[in-house]
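Chains as they are written, first to last, in numbering that gives the first Met the number 0: chain A, 0 to 413; chain B, 0 to 413; chain C, 0 to 413; chain D, 0 to 413.
You can trust all of the hints, since none of them are fake.
All copies of an identical chain are treated as equivalent in the list; a pair is satisfied when it fits inside any one copy or across any two copies.
Calculated lysine-lysine pairs in the PhoX-like style (CA-CA distance at most 25 Å, straight line): (1) 9 to 79; (2) 228 to 337; (3) 205 to 360; (4) 228 to 403; (5) 337 to 317; (6) 9 to 410; (7) 9 to 205; (8) 228 to 410; (9) 228 to 205; (10) 403 to 205; (11) 79 to 228; (12) 317 to 205; (13) 9 to 228; (14) 317 to 9; (15) 410 to 205; (16) 317 to 403; (17) 304 to 341; (18) 304 to 410.
In case anyone wonders, no lab produced these hints; they're calculated from the structure.
There are 4 protein chains.
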Amino acid sequence: MGQSSDNKLKIFNDPVYGFINIPDGSVFDIIETPFFQRLRHIRQLGMSHLVYPGALHTRFHHAMGAMYLMGQAIEILRFKGYEISEDDALAVTQAILLHDIGHGPFSHALEHSLVKGVTHEELSGLFMQRLHQTMPHSLENAIRIFKGTHPCKPLHQLVSSQLDMDRLDYLNRDSFFTGVSEGVISWDRIIKMLNISDDTLVIDAKGIYSIEKFIIARRLMYWQVYLHKTVVAAESMLTNILRRARQLAMAGETLPASAALSRFLYHDYRLHNFLNDASLLEDFSLLDDYDIYAAIKSWVVHEDKLLAYLCRSLVHRKLFRVHMQNEAFDHNQLSHIKSRAKEVFGFISDSELDYLVIEGKSSNSAYDPGASGIMILSRDGRLNDIATASDQLNINVLSSPVEKFVLCYPKELT
Amino acid sequence: MGQSSDNKLKIFNDPVYGFINIPDGSVFDIIETPFFQRLRHIRQLGMSHLVYPGALHTRFHHAMGAMYLMGQAIEILRFKGYEISEDDALAVTQAILLHDIGHGPFSHALEHSLVKGVTHEELSGLFMQRLHQTMPHSLENAIRIFKGTHPCKPLHQLVSSQLDMDRLDYLNRDSFFTGVSEGVISWDRIIKMLNISDDTLVIDAKGIYSIEKFIIARRLMYWQVYLHKTVVAAESMLTNILRRARQLAMAGETLPASAALSRFLYHDYRLHNFLNDASLLEDFSLLDDYDIYAAIKSWVVHEDKLLAYLCRSLVHRKLFRVHMQNEAFDHNQLSHIKSRAKEVFGFISDSELDYLVIEGKSSNSAYDPGASGIMILSRDGRLNDIATASDQLNINVLSSPVEKFVLCYPKELT
Amino acid sequence: MGQSSDNKLKIFNDPVYGFINIPDGSVFDIIETPFFQRLRHIRQLGMSHLVYPGALHTRFHHAMGAMYLMGQAIEILRFKGYEISEDDALAVTQAILLHDIGHGPFSHALEHSLVKGVTHEELSGLFMQRLHQTMPHSLENAIRIFKGTHPCKPLHQLVSSQLDMDRLDYLNRDSFFTGVSEGVISWDRIIKMLNISDDTLVIDAKGIYSIEKFIIARRLMYWQVYLHKTVVAAESMLTNILRRARQLAMAGETLPASAALSRFLYHDYRLHNFLNDASLLEDFSLLDDYDIYAAIKSWVVHEDKLLAYLCRSLVHRKLFRVHMQNEAFDHNQLSHIKSRAKEVFGFISDSELDYLVIEGKSSNSAYDPGASGIMILSRDGRLNDIATASDQLNINVLSSPVEKFVLCYPKELT
Amino acid sequence: MGQSSDNKLKIFNDPVYGFINIPDGSVFDIIETPFFQRLRHIRQLGMSHLVYPGALHTRFHHAMGAMYLMGQAIEILRFKGYEISEDDALAVTQAILLHDIGHGPFSHALEHSLVKGVTHEELSGLFMQRLHQTMPHSLENAIRIFKGTHPCKPLHQLVSSQLDMDRLDYLNRDSFFTGVSEGVISWDRIIKMLNISDDTLVIDAKGIYSIEKFIIARRLMYWQVYLHKTVVAAESMLTNILRRARQLAMAGETLPASAALSRFLYHDYRLHNFLNDASLLEDFSLLDDYDIYAAIKSWVVHEDKLLAYLCRSLVHRKLFRVHMQNEAFDHNQLSHIKSRAKEVFGFISDSELDYLVIEGKSSNSAYDPGASGIMILSRDGRLNDIATASDQLNINVLSSPVEKFVLCYPKELT
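Only chain A is shown next, with the shape it has when bound in the complex (with noise of 0.2 Å):
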């Protein structure tokens, strides 16, 4: 561990745990580096806290909270005896802390605006790549729990799975900085019921009820934070002042931007320039919310109309209309609001149109059953699925994922 050994000790307050532990030295090494304190400046929530206040939370507290949960795991699961490596340990609590650094600004809100197709989990080995050949740690074991390919499946189901530790802390946390109380689980109660049976994470059947509110949670948390109107409103123009910017960086127009930012405006790179040129990871790595909001601000101002609306809109809080619903919208009704905005902003061409009146779909499935479920382990030792295991919750009405038709605008247009 070398030089660092004195900041095992080393404390960070957290209101949702109280105190989280940095467990080694090689972790906090890993924590210390530009790439890992970015996410500082990454909201968790996107643009929730204009719904919810208090959900400013970001990225690093995330990961340290994931950390910290992997760590009540880890030793859950060896006093029920299942043997871990202190090696194993050490690596799959770097995978979870390392897991989400590839968000780029406003977290999921801007996935794939940036940079199209590709998704924050392959930013994120890009990242824990280069960790591993710049570091004087390896990162080797880490990066093959993360894939998934360690001789191990369990330590993977820890990071990435429907049990993992990335979504017990982030249902707490979600749930602990919106306010939303309906989002608080026993994941203290989960934990205490990992198990391991057939090389796979199981839940012994006392905590049935733990995972049935659990699943009932992640789907509450859905509906009144992550997919809440309002915040899909905020986080629809968000979408589309980038979009637009692009569009006007990509015929030459000039906008004001960080460095950083004006490198992703002005290209449209793809996985393989980031494979070719290993300065566009350095260069993301440089992007935060920061980048991103002191641009739209500048934008207010910016000639071209559209987007000075769609800034101006966005930093006013004045949001646009939202309609959620089942089926798909209407074309009439489509036709009717489009020929309003074409009426009101007389200098919006027809296909600029969908800048404006913002069509999209959202879905959420709170739980997926079969080969990946959450499996519940019997007294007698055979193992189900979550979804046949409660014999009284219809985990299957909840299984099915749930789809919303999505549509924005102006609110002149009403």
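Position chains B, C and D against the provided structure of chain A, taking the given hints into account.
Just chains B, C and D now, kept in the frame of chain A:
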């Protein structure tokens, strides 16, 4: 309000809600009566503290908490423009405060054991009547609200319905003191969503998720606390101890007990006895958990071997084994256990076997749709039962009563 | 660990800490003994529930909580490189679990009333000795830690010092159940700051504010809870009821009481009696709050008017008026009240006056500096008493014992 | 209240208090203005999130919270019989909502850096005046309360005094989001103890312990959060970055920055400028944390080596070392560090040394007795300053301002 006006400002510390004000001098006077003070010695959750050591809270505290919630509910309904007169506000407050005053020792656990065929609601009615007669304050209006004969139906529903202040408080309180976070409900949001429509207490559409969560939490509390196996075992033993004691009493045996308890052991009272003999309610009001448990402790050395065995087992926490299952127990299995019982407990006659091999049923439904269901008020003013308003969650599954067959017997028999 | 090894995983819900694991089969076996189970029926805070209705928590729950904190403390000390053997870890856990097992009914309120001149610590020692003799597990090491004869001083300090796990738990727990948030302490931070230096349990310099807060919280709890006027009144009445009952018993009067309570009412036992007669500890172990309160309820109609009056006043919560002041009460004032008492209570002789006009003293010091003070470990390795280490707060003021003169008498006398 | 009346029922989730109602349409309209919305982007605690990752909460949230507490305070004062007209209740609510609207980026951290000699209170006054002129609602009364010229002194004290709703909320909120439980105060009890006597906002005698705790908590928060070494380091760096940037700007250097920030970098405005040029307040209102931090990120590669070094150190969290002590720093020690600085940073001139070796002072007093002290209302109606009313705690010690000398410099210099 007379002389007790300075008590208006009296404040109780409540770990659940922070502080509880006594809203009125007449309410304070009710709280000070011996009838109400006895609730300090009647545990809300019977024997559940054997599983959840924190669950020692009493009917007294619950009644205070429900009163607090009533104050919040009145405030929000007035805020929404519904006029509630000062008199009605006071009466509904008195009604909720007194709704459980008829509970006897160990609350539900001994209901129907000491006084057969008389529910605690009937006893509450008798106590309210007596207070009305003996106090300077009229309780007439409160009694009408309690009994559902008051013209304003929503007032009754605040006291007694599937969404009354009673349920909200007991879920809050039981969850808090047991430490079972699965039972946490968003009571403050639910109360903020209360409304009145069509002369019915309803919930605004925005509160639909909170109601789903409330119903689910209630179900989880049933299985995790109220019908927890160990609790069921202890309460079955308690019931059978009282049953045996009465049997011995009726047969003329001597049983150490307090004077009040003796009266109920040596006589078999029905509702009409309470109506004909005012002293009976007085004596009932002297009974609390202390009479029962102190008697049981003294019966540990009773010469009736069966009674002594049952008492010893309960006091030393050698609780019976419990099986709960969806189907009736197999006849052969029962026969086997019973013959084992006769072997092990040589002093037992055939007719006494059911003191040791105890069969029963427990059932609950988290929600009852229908005439008195929870109605959701949509934005367009229509009312829908939560069972149909909730398109995601299968409330119908939740609302079918779940019935389990229960079997308890001494661990020595396995 | 033998046959009870599967109990290792037994988990208690605790609303204060979430979950408490039983760390070891031998610990589980201790918890299952009748000696320990009786603590379920002894309230931690005597009669405080009359003021704080939530304060019904028991010595059982407190002992479990202190055990939980001990587990945390052992972990942090090991983490900081201090070696604690498995045997010592188990012994210190047993010691804290059993540190209060000698408490009698109503905890401190009746200490010295039932058994004069024998402290609860001495009784705890006797119980530990008895368990050591009768259980298959040796408690020798635990007893040495408890008594301070174990060579490792910090282990004793974890069990009994100004910063022991006992105090940390009771402040947490009493604050939680009373709802007095003034008593909240940062127990997790305090434990994280524990260290060992110079063979002494100490606090790292960074923890100095938490210790200041801990001392202040303790003082606040004294005045707001432990020495709350109404509590003092109720406990004075309780003590005097027992004193009167014993006086009557010694004079040959008949007093309904449980067999165990009778033995202690009709005899005056001292420490040597416990050493000479093993059955005495057995009988003491049968006593809990139920014996006392059930007896008091039955004495409400005792023919001794004084006893009946005192019992009636307590049961019906007609509590005495209390005055607390810094100076001794004025002789004339006392004379006046006493002559009023003789007027109002004609049946009282002069020698019985002190049952109704009760004088006393209460004192507390939030902190005792000196030989066993709380030592702060500065970064350069020096140790300082918190009283000098805290340059801001006047710990010296806090640490002078505050003594108040107390006077209680029936409200009829004013 | 006009057209916005349906917003009366708008509810914000607040993790600290549960829910916050908007009490009135005019209040809602104020919240919707861009002036107020900008507070969403100004962190309450400047750079404290570098130490406490949860401390990302904003002035927006704090203002909402203080408004919530004001509602509670009005209710309790009315309950105690003090008449507060609807108009005054609205005005004091508006006043507390707007009390901090003059804060600039990073709250206190940059006060006096961007605009010298103008306090945030003065700016709040200017904003309130502007809103009064531009909104349909009069704010005249609110402004008088804010400035202390309203005839009812207690209303001003609710907004600005040692016991105002501002302090209560920020202690609650800062403690909550940092996770520093030492800062927890019993705000609900304090508010319940508010009273008015002698035309002054006072505390009932029963609240004395809560006030002691409040003062102590405030002191602890100073040392543990507000003046935490790492926070002091980061904020010193931030201040010096702005100072350097202005120096360069004044010297005609080019500095990438938003338009609004540029105006304040390239000019030296005083209070009279705000009074003479309405556009200045408009431009100030465009500034938030994003302008500053985005600029700092872009200055990381500025050609001025000193500015670039400072920015790089802050962005990459290579924070300066901090010493805090009671005495002034030794002249020799300072000389030594400064000559080290010249060695290590060859590009630094003598006059620039104080950008790297930063001297300062920090001070706080937890409580100021005297003319505007917290007055305790004894039962007999007398008023005493808490400093004398508290006979136990040495408030005099707490109330002497604690001054510490501060020295920050790059870690490379040691």
